[in-house]
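In order, the protein sequence lines correspond to chains A and B. The letter at position 87 of the first sequence is residue 87 when you use full-length UniProt numbering, and the numbering goes up by one with no holes. The letter at position 150 of the second sequence is residue 150 when you use full-length UniProt numbering, and the numbering goes up by one with no holes.
If a hint is listed, it holds; no wrong ones were tucked in.
With a cut-off of at most 20 Å between alpha-carbon atoms, the simulated EDC-like pairs for lysine to aspartate or glutamate come out as follows:
#1 Lys-116(B) x Glu-142(B)
#2 Lys-330(A) x Asp-316(B)
#3 Lys-330(B) x Asp-316(A)
It is worth saying that the hints were derived from the structure and are not from the lab.
Number of protein chains: 2
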Amino acid sequence: MSSKKKTSALEEKDGVPFQEATNKNRISEIRSKRKKELTADDLVAGIIKQDKVALSRAITIVESTNPRHTEKAAAIIKKCLPYANKSVRVGITGVPGVGKSTFIEALGKYLTSTGKKVAVLAVDPSSSVTRGSILGDKTRMEELVKDRNAFIRPSASGDSLGGVARKTRESIILCEAGGYDTIIIETVGVGQSETAVHSMVDFFLLLKLAGAGDELQGIKRGIMEMADAIIINKADGENTKAAKRAKTEFTRALQLYPPKENSWVPKVTVASAIENTGIRESWELVMTYMAQSKKSNYFEHHRIEQNKYWLLQTIDEQLRSGFYNHKAVKKQLQEQLEAVANNEITPFEAARYLLDLIKEQS
Amino acid sequence: MSSKKKTSALEEKDGVPFQEATNKNRISEIRSKRKKELTADDLVAGIIKQDKVALSRAITIVESTNPRHTEKAAAIIKKCLPYANKSVRVGITGVPGVGKSTFIEALGKYLTSTGKKVAVLAVDPSSSVTRGSILGDKTRMEELVKDRNAFIRPSASGDSLGGVARKTRESIILCEAGGYDTIIIETVGVGQSETAVHSMVDFFLLLKLAGAGDELQGIKRGIMEMADAIIINKADGENTKAAKRAKTEFTRALQLYPPKENSWVPKVTVASAIENTGIRESWELVMTYMAQSKKSNYFEHHRIEQNKYWLLQTIDEQLRSGFYNHKAVKKQLQEQLEAVANNEITPFEAARYLLDLIKEQS
Numbered sequence: 001m002s003s004k005k006k007t008s009a010l011e012e013k014d015g016v017p018f019q020e021a022t023n024k025n026r027i028s029e030i031r032s033k034r035k036k037e038l039t040a041d042d043l044v045a046g047i048i049k050q051d052k053v054a055l056s057r058a059i060t061i062v063e064s065t066n067p068r069h070t071e072k073a074a075a076i077i078k079k080c081l082p083y084a085n086k087s088v089r090v091g092i093t094g095v096p097g098v099g100k101s102t103f104i105e106a107l108g109k110y111l112t113s114t115g116k117k118v119a120v121l122a123v124d125p126s127s128s129v130t131r132g133s134i135l136g137d138k139t140r141m142e143e144l145v146k147d148r149n150a151f152i153r154p155s156a157s158g159d160s161l162g163g164v165a166r167k168t169r170e171s172i173i174l175c176e177a178g179g180y181d182t183i184i185i186e187t188v189g190v191g192q193s194e195t196a197v198h199s200m201v202d203f204f205l206l207l208k209l210a211g212a213g214d215e216l217q218g219i220k221r222g223i224m225e226m227a228d229a230i231i232i233n234k235a236d237g238e239n240t241k242a243a244k245r246a247k248t249e250f251t252r253a254l255q256l257y258p259p260k261e262n263s264w265v266p267k268v269t270v271a272s273a274i275e276n277t278g279i280r281e282s283w284e285l286v287m288t289y290m291a292q293s294k295k296s297n298y299f300e301h302h303r304i305e306q307n308k309y310w311l312l313q314t315i316d317e318q319l320r321s322g323f324y325n326h327k328a329v330k331k332q333l334q335e336q337l338e339a340v341a342n343n344e345i346t347p348f349e350a351a352r353y354l355l356d357l358i359k360e361q362s
Numbered sequence: 001m002s003s004k005k006k007t008s009a010l011e012e013k014d015g016v017p018f019q020e021a022t023n024k025n026r027i028s029e030i031r032s033k034r035k036k037e038l039t040a041d042d043l044v045a046g047i048i049k050q051d052k053v054a055l056s057r058a059i060t061i062v063e064s065t066n067p068r069h070t071e072k073a074a075a076i077i078k079k080c081l082p083y084a085n086k087s088v089r090v091g092i093t094g095v096p097g098v099g100k101s102t103f104i105e106a107l108g109k110y111l112t113s114t115g116k117k118v119a120v121l122a123v124d125p126s127s128s129v130t131r132g133s134i135l136g137d138k139t140r141m142e143e144l145v146k147d148r149n150a151f152i153r154p155s156a157s158g159d160s161l162g163g164v165a166r167k168t169r170e171s172i173i174l175c176e177a178g179g180y181d182t183i184i185i186e187t188v189g190v191g192q193s194e195t196a197v198h199s200m201v202d203f204f205l206l207l208k209l210a211g212a213g214d215e216l217q218g219i220k221r222g223i224m225e226m227a228d229a230i231i232i233n234k235a236d237g238e239n240t241k242a243a244k245r246a247k248t249e250f251t252r253a254l255q256l257y258p259p260k261e262n263s264w265v266p267k268v269t270v271a272s273a274i275e276n277t278g279i280r281e282s283w284e285l286v287m288t289y290m291a292q293s294k295k296s297n298y299f300e301h302h303r304i305e306q307n308k309y310w311l312l313q314t315i316d317e318q319l320r321s322g323f324y325n326h327k328a329v330k331k332q333l334q335e336q337l338e339a340v341a342n343n344e345i346t347p348f349e350a351a352r353y354l355l356d357l358i359k360e361q362s
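Generate the whole structure from the sequences, applying the supplied hints.
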């Protein structure tokens, strides 16, 4: 993130025909030093005053993989916690090409037009490797990015989904402390990231396209069951009819699912982000859900359960990474996996063998 | 298990009006000593000769929580492995009341009538606590239990799903070595046990009932997506029409799901275990699947993946149980969970705190 910042700061000079003959490295040194001087208290004060730059810098510290930042990040989050937790958190997923960015821009603009403050974050663990485009190319939300009541942040980089998810979840707290009452978390409809996002939001929205072949677009099994609502997007022009038919079909299919814990029956609606139709209706579904969920106290209960989930999840992840990064395990894992594949040993016996390796050496 | 055996052996004496004046304790001592004398080699030889008693005793050793048995169990399994892996493994789930036992009995009888050897095992982690009735009450399969080509084994007891699942999975190996070419694993449609069973079978069958209200019977979300086939059971008498309607509805619904890894589209059929209709048709679905799956080499691939899954799963479980049974963690976990619930600390911070406890003390 910080390297991106520098690039964009330097780009501001593009308009200057002859750049100053200053040592560029020296500039960024001074700049980064100046940034570092802001204490956790300074940053939190800025966040509370709804200063986007402070929020942005604080998130950069939370996202930093530099161990020096760990303590500062923890301090910032701790100080933000009392101000947090007052937003509506909505997850949005859908395969590439379904029109997520356009939909989020239309939804974001609608929300700010009704006086909301909207933060858009993303969970996309692949982006760090493939330089994927989720929100990375901010220009895809050209109008929303200029909106003073909107804050858009590309996906945190990181080498594990757990790491990226943690960063996003902590960023939510910062955004909430910064006065954002609506948090949208975008993710791409392939892989494990949906489960992570589903576990950090109040409402989970799945965008789909009408028409044959959509089933083959690679929405992972299980994601439909997570959805609190399905929006058939691109319901415009020639697609309008097919979208309405899809709405009927999905509504019927969702009724066959077992009921959700909070007895919410997932809803289906159609929208066209480009023609700006169905956006308000989509949001009304979220509001209906929120009203019901708060009335039944499910909202509060669910958030506490999510917190506990993340506690246990983090412990799991750390235990696993400690194990699989252990020298002896690294050396022998492949061999054991092969023995298991060849039915020379049961999985349980192989596990026992590997677990014993750690005990011996610690 | 062994205590049950003793009970049933003693019960044989019920018909004797005056029981012999022998010391009962001494009898059971001798008896248990005699059993103990069978070596792993003896038991394996018995299993291979398709001796049900040897199989049963070997499973008892595999299921034993007595550490003395661990090594013997491992030896038995190791010796059975070369004979294993040649069966069709089918998982069957459905909520209580759907008629699982009756269906399995009808299916089992059909299979033995075609020359198959059928083993029925169960995964029901709740049974150890609640004395639940999955296969515990063998009389529910009165006819199948008498069939010489059928072997029925109640759920292993154990305090964790992981433990129960491991025991069942190892019992599968023993049954296969014992010449059983069809293994049916029953589980109850509530809780995590479906995922465990799904990960040890080739084909996963969901039993449902037709008619309104079934959605409310508590099939866990996600289970429908695991199913390779849905059987609408109790399609008899007044239910026949509703069952056929349900078949159409579920077929349509399943088409909206994303395709499975092996491109199998889950099928729906109706059956009446009581009237013995639809049983052959249900099995033909399994056979169609097996033919396709073997032709595409998915079968082999899938079993290897399952083995790897169990290896990683066992490691996870052991790491977790090591952590949560750690004295310091046990003492502080509740406090941290509460702090997290009250938003005094983030889940990640709490996790870090708990993980540090182990590092300090080890």
